[in-house]
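Chains as they are written, first to last, in this note's numbering: chain A, 268 to 620; chain B, 268 to 620; chain C, 268 to 620; chain D, 268 to 620.
Given that identical chains are not distinguished, each listed pair holds provided it fits within a single copy or across any two copies.
Think about it this way: if two alpha-carbon atoms lie no more than 27 Å apart in a straight line, the pair counts; the simulated DSS-like pairs of lysine-lysine are:
1) K441 <-> K592
2) K310 <-> K496
3) K592 <-> K464
4) K403 <-> K449
5) K475 <-> K538
6) K464 <-> K475
Don't read these hints as lab results, they were simulated from the structure.
Protein chains: 4
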Amino acid sequence: MAMVCLNDFEKYAKEHLSKTAWDYYSAGADECCTRDDNVLAYKRIRLRPRVLRDVSESDTRTTVQGTEISFPVGISPTGLHCLAWHEGETATARAAEAFNTCYITSTYSTSSVEEIVAAAPNGYRWFQIYVFQDRKFSEQIVRRVEALGYKAIVLTADVPYFGNRRNFILNQFKLPPHLQLKIFNGLHQQENAVPEKYHTSDPSITWKDVHWLQSITSLPIIIKGILTKEDAELAVEHGVQGIIVSNHGGRQLDGTLATIDALSEIVGAVKGRIEVYLDGGIRTGSDILKALALGAKCVFIGRPVLWGLAYKGEEGVREVLQILKNEFRLAMTLSGCRNVAEINRNLIQFSKL
Amino acid sequence: MAMVCLNDFEKYAKEHLSKTAWDYYSAGADECCTRDDNVLAYKRIRLRPRVLRDVSESDTRTTVQGTEISFPVGISPTGLHCLAWHEGETATARAAEAFNTCYITSTYSTSSVEEIVAAAPNGYRWFQIYVFQDRKFSEQIVRRVEALGYKAIVLTADVPYFGNRRNFILNQFKLPPHLQLKIFNGLHQQENAVPEKYHTSDPSITWKDVHWLQSITSLPIIIKGILTKEDAELAVEHGVQGIIVSNHGGRQLDGTLATIDALSEIVGAVKGRIEVYLDGGIRTGSDILKALALGAKCVFIGRPVLWGLAYKGEEGVREVLQILKNEFRLAMTLSGCRNVAEINRNLIQFSKL
Amino acid sequence: MAMVCLNDFEKYAKEHLSKTAWDYYSAGADECCTRDDNVLAYKRIRLRPRVLRDVSESDTRTTVQGTEISFPVGISPTGLHCLAWHEGETATARAAEAFNTCYITSTYSTSSVEEIVAAAPNGYRWFQIYVFQDRKFSEQIVRRVEALGYKAIVLTADVPYFGNRRNFILNQFKLPPHLQLKIFNGLHQQENAVPEKYHTSDPSITWKDVHWLQSITSLPIIIKGILTKEDAELAVEHGVQGIIVSNHGGRQLDGTLATIDALSEIVGAVKGRIEVYLDGGIRTGSDILKALALGAKCVFIGRPVLWGLAYKGEEGVREVLQILKNEFRLAMTLSGCRNVAEINRNLIQFSKL
Amino acid sequence: MAMVCLNDFEKYAKEHLSKTAWDYYSAGADECCTRDDNVLAYKRIRLRPRVLRDVSESDTRTTVQGTEISFPVGISPTGLHCLAWHEGETATARAAEAFNTCYITSTYSTSSVEEIVAAAPNGYRWFQIYVFQDRKFSEQIVRRVEALGYKAIVLTADVPYFGNRRNFILNQFKLPPHLQLKIFNGLHQQENAVPEKYHTSDPSITWKDVHWLQSITSLPIIIKGILTKEDAELAVEHGVQGIIVSNHGGRQLDGTLATIDALSEIVGAVKGRIEVYLDGGIRTGSDILKALALGAKCVFIGRPVLWGLAYKGEEGVREVLQILKNEFRLAMTLSGCRNVAEINRNLIQFSKL
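The shape of chain A in the complex, shown without the other chains (with noise of 0.2 Å):
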């Protein structure tokens, strides 16, 4: 089977993943519409391309909060990597750290941050946490983290609650009995089980939470999960480094807007002042390109690295780096840009006909 796009992947794990791995990969919430929207709402978009502008030269380089990435990619929190390849995260640390881009270990790992970092020691990488109930915990995570070299923390806003995944009901999901969650080693219940109120956040966190979460760490913090330009506004207001527009993958609430819909009024609202990322959906070089044009500083993948890990483990989250890295120089150099700094919104259709 040759792989030479990313629906190739997500066909192949598909076909190769258990059944258990496979849902609770694409699960969406309710009937997924939001899920499905974060990919179509991309083919809506129209792009003008520019010619004649000398694109011999390329280059794909950005930064993230002032350090250097290779491309504008970087690699969502997903969890439960080993579900999908039985060396779990630290094959994903290894595949970021090889295309020098940023690797957002969840907190749900099956590998532990240690693994993680001795695996790939140079890698670039932020954590995500949850604001557990239980603040001592989640202030234990955030210490063990910045110790460890992570560069940010990446503060999940939207699980105040899990959200309502069918095929969750119906398959009554469980980690297998072989794996584990090893942020939470000492925590787990019988059954391999962790306790209910480490499934989510706490759901009374509020902004508050955000100082003190700043109270606890000199990192960046980071907020992912934003969708309108009034959570913007007080992101901004207060004093986090950066958002991702997000709706967690269609998981949480369905019914959302697809998050490159909901972009431009959340960076229309930042004028700049933080970095604004984004994820879901994005599944070409075409769909990056259109992101940043309409003010991404960079996009983050989900799914896509799961699929490249059910091929190959860290090899195949390489090759889909490879393919997505490849496509989006080419969209970038097709429409007449060099580089990151000359991607704008000039690049879009706004109006038809």
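Here the structure of chain A is known, so what remains is to put chains B, C and D in place on it, guided by the hints.
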């Protein structure tokens, strides 16, 4: 068969109900454009959820006509519950009572109002009437249900004539011989049929008949079947206490707009002077959230109750209500609202890129 | 097979007509975009029904050119009725007479005008003509039908050349040997064919030929095939008595807008100075209501008449007309209108959320 | 198999061409959104035909660059005609000559320019070039075709890099051994391959290279691959003689707007200072009419020529051109235009109900 969403109940009902019953319940007028658009219209509306708002305590309660109900979903009047479950409307009444919500009993019930009241003595109920040519009979009904403790009269305004439901013509729908429309006791003709003059409202009724109705009862009057701001304004002017935005589940005039698409202009015209409700197309908690965000005080469900009855009688209706309640609470909190008072138009995306 | 709506007649006709006849009647130009959009366009228009308006007495009558007809649906000119039913246009004429509505006889009729008049002596009829290169022959036709009591001349304006109906080219359509286009009696060539110069209008005709037509007849003249406000304005300026908004059932220029989409601008330009009619895509009573709400004085149906003929000749056409009349009366009253004078633009939803 | 429209030729070609040839010709970039939208976009545009305008005499002729052609459809540059028909581009040249229209010969032709000129000595031709890194070679080509009587140079601007055509990657496209890209004679490497530096333009080219091109030829220069008003303005400023609005048949950057959707803004910017042409998606006479109504001076067809070649070589291309010419003349006259000068924006419906 696991029942995790309302669609599962629909599938079950389609498979297990008699063809007569299924065709009766699922029927829409003419080409069923409006029946189907009632559902699809919700999927075109996008939500703008807010985050980090302390949703640890959430409260789904609201009031209708000053009475508290446990969540903003009541039961719309539908007929012939005995076609779906042998206990008929008494089962529905018990489920509504258990959920402390409003059950609008249909004139075309196959349980008597006395049986309904006896089955669920503490239930909160409204009664749906037609103004028949035989005004005396309508008056008797109103006095009878008022005496039995019904709390409002719901006047169906959109049935001056019977809608053109093609499968009724094809199948020549007849009530099975063992069932009776109990309110017409004594008025039945041969073959169990109710005389045709009791099949619809008197087609001559106008807003003057609302005054007549006000003269014979002190109960609040709610007009069901309004789809325009002009009629909403007239409703307010005529001193009724509420409006149900409804197209009769798409069973009357095919081609009318979906109820959720009609809601905004009506809410805008009413300006809070009376309560505005809605029925038609509600299938998930997100749908409820969208209707409330656009100004509905409460929504009512019709066919899903019949599917619940077909599944397991009272227990089935309770399962349907429980799913909607869970989904609504989750949608509400995931959108950043702690209670129904916090739900407003800012949750709705009015334009896209 | 129960016949409860016009679609049932279409299905019957497709199954029972010869392939030659079905292909002839159903043909559209090129890719059939316009033929199909004529029907689909109605489904995109939403109604705003009014309630509580005393519709106990309803009246579907209207007038066209000052003559009362029983409901606002006439019969559009279509040719070759003998292909569908052995009695041909005489059957159609009797059905139209029975319903007291207007039957526009086609030049390409397979019954003679004398046979048509004899079959339905009290029928109200208009005659559709082409202005042939052979003006004398056109003049003879006009004088002949005027003498026979036809009440208006309908000039087809959109056939300077024959539309590109792909299945005609494929099948090399020929009239079966036992059928004749009676008006061309004596002009037929070998193999029953009418000379090609009688297949379309003289392509040189202009508005001046309308003056010529006015000079040879005192009958009202109605222009069929207008789709723009500019041509509607010219029609008024040239003193004709009516316009039929038509795209020839999608058989001439593919890609034109649907007739219901063209209607509004034409009605706006005409400002009531002459009557505006419409044909194309009418399948239900709601469609008629929408066309009248947007300003049509009357609609005309083409293919549904042929399906009725195919079903049962005169009786089949009567069934088609009866269904439309019932559906229209119901749609009218369910929208709160007692008569056609009360139907207006407020019934149409012009924007949505 | 009757060939009554261009789709029939596409079907034939798909069935009869080798998989290699079909895949090469039909390929689009990435997900083929743009390739497909080029065709679909025409179907979203509605025509407003005029009637009664004396279209007895019609004239489809127009001029491009001051030269008369028989109708406003030329042949866009496509490569490898020998893959479709053994005579290759010589067959195409003869068909174009027979129709007195413009044939833009591709650099990637499998017949030599001398063979092409010999085959159709009176043909009107332009030559499509890339500006290669090897400027001398490009200059040689220009001088050679100028000497051979080519009348304009068409500079392809949208191929600084090769588009991401997934089926090329999958199938590792290679020219069959018996075919040669004749212009590269002597430059071929082993296995018949042209060195990679001749696969695309020099990616460094800019508008300055247009000046270089002007310095080596006195022929008019036409830029192919412009999709924005900004680049159209630059084209005018740099003194070129024409623009072809093109997205390379959807083979370069996927996600760009359809050419017919890009046309209006470009025509608006150019304001008649130079001629604007278009290619992509033309399949019927109505499509040509729409493009001219929106301001194109002439359209060019690519894949349909290849389908015609696959069918019957020169004769097949003539059939394709004949169908388009017939359909265009019919669409033009049915819309009330006698000649191309009478085609204007009023034919287009810009808004609907």
